[in-house]
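Okay, here's what each chain looks like letter by letter:
2 protein chains.
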Amino acid sequence: MYQLNLGKLTVTDFLNQYWQKKPLLIKAGFKNFVDPLTADELAGLATEDDIESRIVSCKAQQWDMQTGPFTDFSSYGDKNWTLLVQAVDHWHPGAAKLLDPFRFIPNWRIDDLMVSFSAPGGGVGPHLDQYDVFIIQGEGKRHWRVGMPDSSLQQLCPHPRLLQVSPFTDCIDVITEPGDILYIPPGCPHDGVSIENSLNYSVGFRAPAQKDLVTGLADYLIDHDVTGQRFTDAGRSAAISAGKITDSELDSIQQLLQQLIADRQQLPAWFGGLITRAKHELDLNEPDPHYGSDEIAEYLEEGSVLSRTGGLRCCYYQQDPASDILLFINGDQITLPADELMTAQLLCDHTELIASQNRHFISSEQRLMLMTNLINQAYWYFSE
Amino acid sequence: MYQLNLGKLTVTDFLNQYWQKKPLLIKAGFKNFVDPLTADELAGLATEDDIESRIVSCKAQQWDMQTGPFTDFSSYGDKNWTLLVQAVDHWHPGAAKLLDPFRFIPNWRIDDLMVSFSAPGGGVGPHLDQYDVFIIQGEGKRHWRVGMPDSSLQQLCPHPRLLQVSPFTDCIDVITEPGDILYIPPGCPHDGVSIENSLNYSVGFRAPAQKDLVTGLADYLIDHDVTGQRFTDAGRSAAISAGKITDSELDSIQQLLQQLIADRQQLPAWFGGLITRAKHELDLNEPDPHYGSDEIAEYLEEGSVLSRTGGLRCCYYQQDPASDILLFINGDQITLPADELMTAQLLCDHTELIASQNRHFISSEQRLMLMTNLINQAYWYFSE
Ligand SMILES: O=C(O)CCC(=O)C(=O)O
Ligand SMILES: O=C(O)CCC(=O)C(=O)O
Ligand SMILES: [Co+2]
Ligand SMILES: [Co+2]
Numbered sequence: 001m002y003q004l005n006l007g008k009l010t011v012t013d014f015l016n017q018y019w020q021k022k023p024l025l026i027k028a029g030f031k032n033f034v035d036p037l038t039a040d041e042l043a044g045l046a047t048e049d050d051i052e053s054r055i056v057s058c059k060a061q062q063w064d065m066q067t068g069p070f071t072d073f074s075s076y077g078d079k080n081w082t083l084l085v086q087a088v089d090h091w092h093p094g095a096a097k098l099l100d101p102f103r104f105i106p107n108w109r110i111d112d113l114m115v116s117f118s119a120p121g122g123g124v125g126p127h128l129d130q131y132d133v134f135i136i137q138g139e140g141k142r143h144w145r146v147g148m149p150d151s152s153l154q155q156l157c158p159h160p161r162l163l164q165v166s167p168f169t170d171c172i173d174v175i176t177e178p179g180d181i182l183y184i185p186p187g188c189p190h191d192g193v194s195i196e197n198s199l200n201y202s203v204g205f206r207a208p209a210q211k212d213l214v215t216g217l218a219d220y221l222i223d224h225d226v227t228g229q230r231f232t233d234a235g236r237s238a239a240i241s242a243g244k245i246t247d248s249e250l251d252s253i254q255q256l257l258q259q260l261i262a263d264r265q266q267l268p269a270w271f272g273g274l275i276t277r278a279k280h281e282l283d284l285n286e287p288d289p290h291y292g293s294d295e296i297a298e299y300l301e302e303g304s305v306l307s308r309t310g311g312l313r314c315c316y317y318q319q320d321p322a323s324d325i326l327l328f329i330n331g332d333q334i335t336l337p338a339d340e341l342m343t344a345q346l347l348c349d350h351t352e353l354i355a356s357q358n359r360h361f362i363s364s365e366q367r368l369m370l371m372t373n374l375i376n377q378a379y380w381y382f383s384e
Numbered sequence: 001m002y003q004l005n006l007g008k009l010t011v012t013d014f015l016n017q018y019w020q021k022k023p024l025l026i027k028a029g030f031k032n033f034v035d036p037l038t039a040d041e042l043a044g045l046a047t048e049d050d051i052e053s054r055i056v057s058c059k060a061q062q063w064d065m066q067t068g069p070f071t072d073f074s075s076y077g078d079k080n081w082t083l084l085v086q087a088v089d090h091w092h093p094g095a096a097k098l099l100d101p102f103r104f105i106p107n108w109r110i111d112d113l114m115v116s117f118s119a120p121g122g123g124v125g126p127h128l129d130q131y132d133v134f135i136i137q138g139e140g141k142r143h144w145r146v147g148m149p150d151s152s153l154q155q156l157c158p159h160p161r162l163l164q165v166s167p168f169t170d171c172i173d174v175i176t177e178p179g180d181i182l183y184i185p186p187g188c189p190h191d192g193v194s195i196e197n198s199l200n201y202s203v204g205f206r207a208p209a210q211k212d213l214v215t216g217l218a219d220y221l222i223d224h225d226v227t228g229q230r231f232t233d234a235g236r237s238a239a240i241s242a243g244k245i246t247d248s249e250l251d252s253i254q255q256l257l258q259q260l261i262a263d264r265q266q267l268p269a270w271f272g273g274l275i276t277r278a279k280h281e282l283d284l285n286e287p288d289p290h291y292g293s294d295e296i297a298e299y300l301e302e303g304s305v306l307s308r309t310g311g312l313r314c315c316y317y318q319q320d321p322a323s324d325i326l327l328f329i330n331g332d333q334i335t336l337p338a339d340e341l342m343t344a345q346l347l348c349d350h351t352e353l354i355a356s357q358n359r360h361f362i363s364s365e366q367r368l369m370l371m372t373n374l375i376n377q378a379y380w381y382f383s384e
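The listed protein sequences correspond, in order, to chains A and B. Going by this note's numbering, the residue at position 161 of the first sequence is 161; the numbering climbs one at a time, nothing skipped. Going by this note's numbering, the residue at position 375 of the second sequence is 375; the numbering climbs one at a time, nothing skipped.
Bound-form chain A, shown alone:
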């Protein structure tokens, strides 16, 4: 278990003063930091087809970017390149634990854990991202500079697949050491250049844009065959120009959309489905044959530990204590009775369930069935 140490700040201070506002260096954010993986293990992940990886290098002032899988790293030499692997939390349970200290930001806002290895001089260059990130320094040292958002910065494209920014003024200039953490809000330029072989762990966030929301709502209406109200124009006047689209017609169109958006009834369902859909491949290994619920009960009684598959997105929503609970797992919705809040919380708030917690799932037939299904879908698995 990694324990986040904000020094003199409380989590609430951090949220009030820094979150989405300004960058922060959290010196020794993890005390006595132990890397969950080695550079060799990371390189191993980058050889896999299902895992998204890329190498950014800069040799003789020429930026380059290659996408994985990679079979051989020797051509990159021992300087000026970095290997970045996405969604390492999906493939490496130990690394996935690095997300947990940041869950004071809710699950649905967390995207994935990206891990980078950089040789001395390596980095992706000065750039900015649209999302918040905590960058944890693992093994090695890196020279990091971070600035405030600055609309005068120019987008540079030193290679067709690399977006960088013009030189920026920094407000943080630091050589990060193992366990140091940088918090960087959206739009803040940053640049990390390795001093020695270095591992960095990026806890990345997501924040849906208006386009994502409209698309998600549209998909929901299509999937659930919800037509909604149709345009009506009783009492209209005769068209003077048959080809004209009038403002009063557009008013009605706009109202139809406004009514749909104003309806709070379906919002939790479509948003929960949208926001828990996996963006990166999951490492799902369905048990074969499937377990019977009696077997599951037996293992849980014996004290087995259950782990949630890395990167599985789980959330719930309950309008008020008397309402059904909407449980969202990997884009699917399961409706639970109002008094099953504990079930939803165990499944969503924890990535590991120990014997004392698992007793909850053997104490009712419904819960046992639910857990049996989740295990048979490979969403949870016995880890001990």
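Hints were generated in silico from the structure; no laboratory data involved. Think of the CB as a built atom: it goes at the ideal place given N, C-alpha and C, for glycine as much as any other residue. A hint or two may mislead.
Unchecked claim - Computed from the model, here is a short list of chain A residues facing chain B with C-beta under 8 Å:
#: 1; residue: L15
#: 2; residue: Q20
#: 3; residue: W63
#: 4; residue: R103
#: 5; residue: F104
#: 6; residue: I105
#: 7; residue: Q210
#: 8; residue: Q229
#: 9; residue: D233
#: 10; residue: A234
#: 11; residue: A242
#: 12; residue: L250
#: 13; residue: Q258
#: 14; residue: I261
#: 15; residue: A344
#: 16; residue: C348
To be verified - These stretches of chain B come out as covered by chain A in the derived footprint (C-beta under 8 Å, 3 or more residues):
#: 17; stretch: 33 to 41
#: 18; stretch: 207 to 216
#: 19; stretch: 240 to 253
#: 20; stretch: 304 to 316
Once you have looked at the hints, place chain B with the ligands on chain A.
Structure of chain B with the ligands alone, referenced to chain A:
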């Protein structure tokens, strides 16, 4: 040219009293009606791959429905079946003219002209539609009954591909004769049973539903790479339950959507594109080789007549007299300068352009170029 005769009613009376409100029999709505096509011609269209057609029959109380193309009609005998062909206005310029008298309802609300041939006893059975329709009686006679919307009616499904309703109380019970027109609002049950071989022309309307609008907006944002604003949560409090989606988070999500919908700026563009996209195949015959603008100018000077391809959807929007005009043709947008309203109106308000109108297009290089492009895309063609 067909001339609509509403008897004692003006168009405004019709719109105030009947449109989207209650059914109306317009006796001799077209005086001395001459069918634009024959039953044989209709059968010919139903043999084509590109044209949507179906035959509904009821033999020995057994309903059946087949979809075209059809090669042989003899198996249906001389009773109790009807052939329905969609979007005949796309394929038959003469029949397309039946839409024009109804253009006091604007273009974008008009869907297509469906034409049916029914043998004695033929009909699709009692049913209701979601859209307004004018049903014109051509050759022959048919017994039509129409009722008011009635939520107590039951949906029946006498065949997997036929939706009918339980027996309804009529407010119109008539034997229609050539030139009679029935107006039927959405949701009104209706049933037409042929008395003798009969042609019926349905001028059908469309009315986008909330689902269509959201989907249209989503497609627009994707096509135009408009990301819009992202969710933000500066000043948030620490999650107590990491898996919980809170009401205040949903408030922000809802606000993002509301802001997007409230923005009137992009509405005309995406709506105009959506509503002018063809639902049925168009009969587009691109000139080969393409015309040069000099040739077009020559033909127009000589007095050639231009026709708009049947079913081509054309609309325009202008916010105020000083704003650019958005011209929408078949889902595409063309922006015209504010003073080109005449150009937009000629293209959108007319399905045929005669010599005096075409002078407008030779009086400026831009207009001639526009018309040349439209002709080379087969959207307009020389008909005389
Ligand atoms: O680790 C790296 O080289 C890049 C990290 C970064 O820029 C980020 O996570 O936003
Ligand atoms: O012509 C027919 O048989 C069907 C017409 C009809 O029901 C309609 O156009 O809505
Ligand atoms: Co970055
Ligand atoms: Co009908």
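Hint-by-hint comparison with the structure:
Because the closest C-beta pair between A:L15 and chain B is about 6 Å apart, less than 8 Å, the hint holds. For A:Q20, the shortest C-beta to C-beta distance to chain B is roughly 4 Å, which falls under 8 Å, so the interface hint holds. For A:W63, the shortest C-beta to C-beta distance to chain B is roughly 24 Å, which exceeds 8 Å, and the interface hint is violated. A distance limit of 8 Å between C-beta atoms decides the matter here; for A:R103 the minimum to chain B is near 4 Å, and the interface restraint holds.
Because the beta carbon of A:F104 sits about 4 Å from the nearest beta carbon in chain B, less than 8 Å, this interface hint is met. Against a cut-off of 8 Å between C-beta atoms, the interface hint on A:I105 holds, since the closest Cβ of chain B lies about 7 Å away. Among the interface hints, the one on A:Q210 holds; its C-beta lies about 3 Å from the nearest C-beta in chain B, closer than the 8 Å criterion. About 6 Å separates the beta-carbon of A:Q229 from the nearest beta-carbon of chain B, less than 8 Å, and the hint is met.
With its C-beta approaching chain B no nearer than about 6 Å, A:D233 sits inside the 8 Å limit, and its interface hint holds. Nearest Cβ of chain B to the Cβ of A:A234: about 4 Å, under the 8 Å cut. The hint holds. A distance limit of 8 Å between C-beta atoms decides the matter here; for A:A242 the minimum to chain B is near 4 Å, and the interface restraint holds. Taken as an interface hint, A:L250 checks out: its beta carbon lies about 6 Å from the nearest beta carbon of chain B, inside 8 Å.
Hint status for A:Q258: holds, given a least beta-carbon distance of 6 Å to chain B, under 8 Å. Taking 8 Å as the C-beta cut-off, the interface hint given for A:I261 holds, the closest approach to chain B being about 5 Å. Interface restraint check for A:A344: the shortest CB-CB distance to chain B comes to about 7 Å, inside 8 Å, so the restraint holds. For the restraint placing A:C348 at the interface with chain B, the shortest Cβ-Cβ distance is roughly 2 Å, inside the 8 Å limit, so the hint holds.
Under a criterion of three residues with beta carbons nearer than 8 Å to beta carbons of chain A, the stated coverage of the stretch 33 to 41 of chain B fails, only 0 such residues being counted. Check result for the stretch 207 to 216 of chain B against chain A: holds, 8 residues qualifying (beta carbon to beta carbon below 8 Å, three or more required). Counting residues of the stretch 240 to 253 of chain B whose CB falls under 8 Å from any CB of chain A gives 10; the rule of at least 3 is met. Counting residues of the stretch 304 to 316 of chain B whose C-beta sits closer than 8 Å to any C-beta of chain A gives 3, which meets the bar of three, so the coverage hint holds.
Of the numbered hints stated above, those contradicted by the structure are hints 3 and 17, listed in ascending order.
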